[in-house]
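> Residue-level listing of the chains:
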Amino acid sequence: MVNEAVLINSEATNRALRRKAAKAKAGKIVANAFIYFVLLLMYLPIIYITVFSFSGSEVPGEWTGFTFANYGLLFDLDEVNSRMIWEAARNTALVAVTAAAISTILGTLGAIGIHYLRRKWKKNTLDFITQIPVVNAEVVTAIALVALYAFISARIVKIPFSFITLVIGHVVISIPYVVLSVGPKLEQMDPSLYEAAMDLGATQTQALWKVIVPDILPGILSGFLLSITLSLDDYVVTVFNRPKNNGTFHTISTFVDSITRRSALPTQLRAFTAILFVVILIVMIVMNVKSHHESRVILKKEKNKND
Amino acid sequence: MEAVVRKQRRFNFRGSLCIPYFVFMALFVVFPLAIIVYYAFTDELGFFSLANWATVFTTRKNWEVIGQTVIISAISTIICLLIAYPIAMLLSNKKFNKNKVLVYIFLLPMWINFVIRTIGLKALINGLTFALFKFELTDKYPLVAIVLGMVYDYLPFAILPLYNQMLKMDKNQIEAAADLGANPFRVFYKVIIPMTVPGIVSACMMTFMPTMSSYVIANKMSENKTSIIGNLVAYWFADSTSDLRFNIGSVISLVMLMIIGISLVLEKTLGNKEETQKKGGIW
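Protein chains in written order, with the numbering used here: chain A, 1 to 307; chain B, 308 to 590.
Hints in this document: simulated from the structure, not taken from any laboratory. Do not rely on the hints blindly, as some may be mistaken.
[What the hints assert, rightly or not] Pairwise CB distance ranges (calculated):
(1) A16/A - K478/B: 21 to 29 Å
(2) L577/B - K158/A: 32 to 40 Å
(3) L217/A - E482/B: 33 to 41 Å
(4) Y411/B - A16/A: 49 to 57 Å
(5) P184/A - V330/B: 20 to 28 Å
(6) S547/B - I285/A: 45 to 53 Å
(7) F440/B - R155/A: 51 to 59 Å
[Claimed, not checked] Here are the simulated BS3-like cross-link-like pairs (lysine-lysine), alpha carbons at most 30 Å apart as the crow flies:
(8) K23/A - K402/B
(9) K301/A - K441/B
(10) K407/B - K23/A
(11) K575/B - K475/B
(12) K402/B - K120/A
(13) K185/A - K158/A
(14) K210/A - K120/A
(15) K20/A - K401/B
(16) K301/A - K290/A
(17) K185/A - K120/A
(18) K575/B - K300/A
Because the structure is a prediction, the values reported are computed rather than measured. No residue lacks a Cβ here, since even glycine has one placed at the ideal position from N, Cα and C.
Excised from the complex, chain B in its bound form (with noise of 0.2 Å):
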């Protein structure tokens, strides 16, 4: 009798559910990147060779791409937050949106397609570019237009993370460092910009990353004159016709992925700093 009872505390009936859900994840998300890594190491043979990294690194082409994408995504992540964090201080602010009608009038966008939006926007702009100046902008400006369309299409992707960590903020402090004597830019400065750190990063990863991979936007935007990452990615495993298009496609993902890692870090450390200027506030 004891045992039984003590073999039915052993098994752990509500930790057991997590199973299934664990092998669909191994199976289908780290096992694929432990391929990705394995196809990135090895010839077309299956044999282990450096080859395919010198390839993609001898490459002219792909290093502009690369150093290209980084600066699209940096310049639209920064035009995001320009205009995302204004909003989203008005949103949370009470006396101005009493409901959270408007809240949800930003993010509706996000339900429409993002393709048929991105073409709208085209259309959009090249119509009003050629009635002024008489060129299209995707044409003449692909850089810009590209620009135009990743904040387009992300902003509702950055309004929301710094939107929630501003209800979150102490509106107190706000009210006690303006009662001490700072002027509205010192308080923005010295107390709102520090409250919402967590948010500002993680509004920047959420534009950060996928304007890096979502190569739709690129193409539609440029006329497919651009390419971005992505384009690589999309290009080995998809077009080519090379023995080696799984190898040196799997070079670029892990490229990418080091791009990513690069920025988690960041994040990482950025956030870190917040936690302890926080833990020595209280003191």
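Same shape as in the complex, but just chain A (with noise of 0.2 Å):
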């Protein structure tokens, strides 16, 4: 009888785990559809460009037939929209690597000073400016460039548009970033260390170098990966405070946007697009294989340790 109940009972729960696997499963099914769906939808865009870019048709989505012509054209220096691709994409490189140093250095030591200063209203107030371009529209923030310029033109002495207004401008959007990822290391870092190390006979240059630097290292580096990121994708403040001497300036994003208000997408900038994305996701797959391999073999070293 008692044994009876419990064969019941048991099958009963049972019965009921099974019911509650088949209900996670399907959860996750949904969950996994999802998913994908919206990424699907986030990388068509994208896919439907590179699918095109094997394709000699004016414009995408028409296919008449698989060809290497968009790619060769690419690489034809003669062809004048190749040459400015070429062109706008070194120009963004360019202004990118420079503005992000730029804002790193100053970001940075931006971003001790504040931390070490002592009074409060001192610190508050410089959090307050370092938020300023963050939450600003960023039209905002390129027209204000571009009015102190006429002011300080009409009054004082004339300021041409160059390749230095343009850096200011991106260190101004991309700066603040730099500032708000090294802001946290400094927090966690130990304040006992740096006074260690003036004990010790290190003058306060050496200390800044040997001591606080080395510790916030990844903060820097993630906030010049950011400011790379943020320029490589800017337009507004690019058009309102590029070059305007000698013939037009254009980045990546200036030249697509100016490309496409008269045609269509040059079939080259298809091709362009395509090894762009290549690019970018063998970089994504290389830097997680060697993030995944470091944990790993942090992981064993851990073990071995332990062992």
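Build the complex: two chains, separate frames, hints provided.
Written as structure tokens, this is what we have:
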């Protein structure tokens, strides 16, 4: 009797467990379907361009047979659009690296300074100023600089739009992100390390270089990468602050914008996008595999230590 | 000797490192905004005047554009949130997403130039609607197309803060609520949503603010038929030939800053409410 009851009972629990497992499995399938559906939507435009980079048709959407013609055209520097694409790509990279380097240096120094300020009001003022470009609309940031140069040009000395004004604009939009990614690292730092270095006879500069900077390096690095990312994708600040003397200065954003005003996307730009996509994909995979490998190595070391 | 030591102590070497940063920000962030304010309240000769404000606010077109912008931005933000929230939840779920690879896959499109991506989206949806309904979406329903473009471009920016917030979420509370008999919907409304309010607020900010000013997406997705506030500012500063172009452009910039200010105040009050709730929760 008792045994039978237990048997029935366990069968009931089994059934309940099975039902729960089936429910969980169904939930997982729905979740997977949702995630991959959204991913598909996000990637579809890029995949669309990539697929039609192998089609010779004038507009994407028409398949006229597989060809590498667009890629050939992209590397044919006698063609005016291809030459402009590469020039724009070079300009984009140049501005991004210059601006990111400047904002990383200024921003890191700024973050260290803000962290060690003694007066609360000074600290709060600087924190507030740091937030301005973050919350401000990008158009306003861009035209405020234009207004600044116009104001100074009319009253003191003429300021022409040049590579320098462009870089300043990019530094303005990216420098807060350097400060905001270095700041938390300084918070986490052990303050006695710096004191210890000083007690052991290091000068202030030495202590800064050998103690503080190595400790906050991950923050500095992610600030630099963020700056590059922001700068590569920028359109508004570039359009208003780019050099205006000899010919039109183009980055990828402004070039694609201006060319698609008059006509469809040039066919070689499809090839360019496809190459860009593949390069970014490879960089991403390599970084992932590397960090995966590193974390494994660390795990192994820990394990060895424990053994 | 003692005087030297005291002097050394008084000079804050590390604090002084922020001087170049401060000078840069004062010159290129604070001062330009002051000049915008100056232009907004002066006429072309530099005399105080409120005429620019009157011009801006008596032009019907400006009101239409401002209203249109707020509606487009609000709808895009809500759609972004509705898609980003479940995705962030799934991505932060250790059972579902063991490594971070999926997160990176969601963020990867950010590294491809947004103008190219927008053009790709436009070509794709136009091709699709033309094949199905024989019209081009950007031509017939430019507002719908703009919202689609905004959602597409800013979705990763909504996912990231939500994901970060959900990683910090206390999982025990969810389990506790379930153990105490709350059904999944109740757990979601009473436990998960309140815990992720800061993430929701910052995701809204990350999408609402840039959608107001990114007029390139609006231009491309509506074939230049529909304007948002960003277009107005750009028009006055770049294309207009009026003597008052900077002055009127500055007024519109200040209007934009006011909208941003209002949304920031809303953010602050929402964030504070969350904090007091948390404090109350402990007791």
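> All hints, please: hold or fail.
Hint check:
1. Distance hint check: the CB atoms of A16/A and K478/B are about 24 Å apart, consistent with the given range 21 to 29 Å.
2. Distance hint for L577/B and K158/A: a CB-CB separation of about 47 Å, inconsistent with the stated range 32 to 40 Å.
3. For L217/A and E482/B, the hinted distance range of 33 to 41 Å is satisfied, since their beta carbons lie about 38 Å from each other.
4. In this structure the supplied range 49 to 57 Å is violated for Y411/B paired with A16/A, their Cβ-Cβ distance being about 39 Å.
5. At roughly 24 Å, the beta carbons of P184/A and V330/B sit within the given window of 20 to 28 Å.
6. Between S547/B and I285/A the beta carbon distance is about 48 Å. The supplied range of 45 to 53 Å therefore holds.
7. Restraint check, F440/B to R155/A: a C-beta distance of roughly 57 Å satisfies the suggested window 51 to 59 Å.
8. A threshold of 30 Å between alpha carbons decides the hint, and for K23/A with K402/B the separation of about 15 Å falls inside it, so the pair holds.
9. Among the hinted pairs, K301/A with K441/B is inconsistent with the structure: their alpha-carbon atoms are about 63 Å apart, more than 30 Å.
10. Between K407/B and K23/A, the direct Cα distance comes to roughly 25 Å. Compliance with the 30 Å bound is thereby established for this hinted pair.
11. With a C-alpha separation of about 20 Å, the suggested pairing of K575/B with K475/B holds against the 30 Å cut-off.
12. Simply put, K402/B and K120/A have alpha-carbon atoms about 44 Å apart, too far for the 30 Å limit, and the pair is violated.
13. This hinted pair does not check out: K185/A and K158/A have alpha carbons roughly 42 Å apart, beyond 30 Å.
14. Simply put, K210/A and K120/A have alpha-carbon atoms about 27 Å apart, close enough for the 30 Å limit, and the pair holds.
15. Annotation: proposed proximity of K20/A to K401/B holds, straight-line Cα distance about 19 Å (limit 30 Å).
16. A hinted pair counts as satisfied when its Cα atoms are at most 30 Å apart, and K301/A with K290/A qualifies at roughly 16 Å.
17. In summary, the hint linking K185/A to K120/A is supported, as the alpha carbons are separated by about 20 Å, within the 30 Å threshold.
18. Restraint check: the Cα-Cα separation between K575/B and K300/A comes to about 46 Å, which exceeds 30 Å; the hinted pair is violated.
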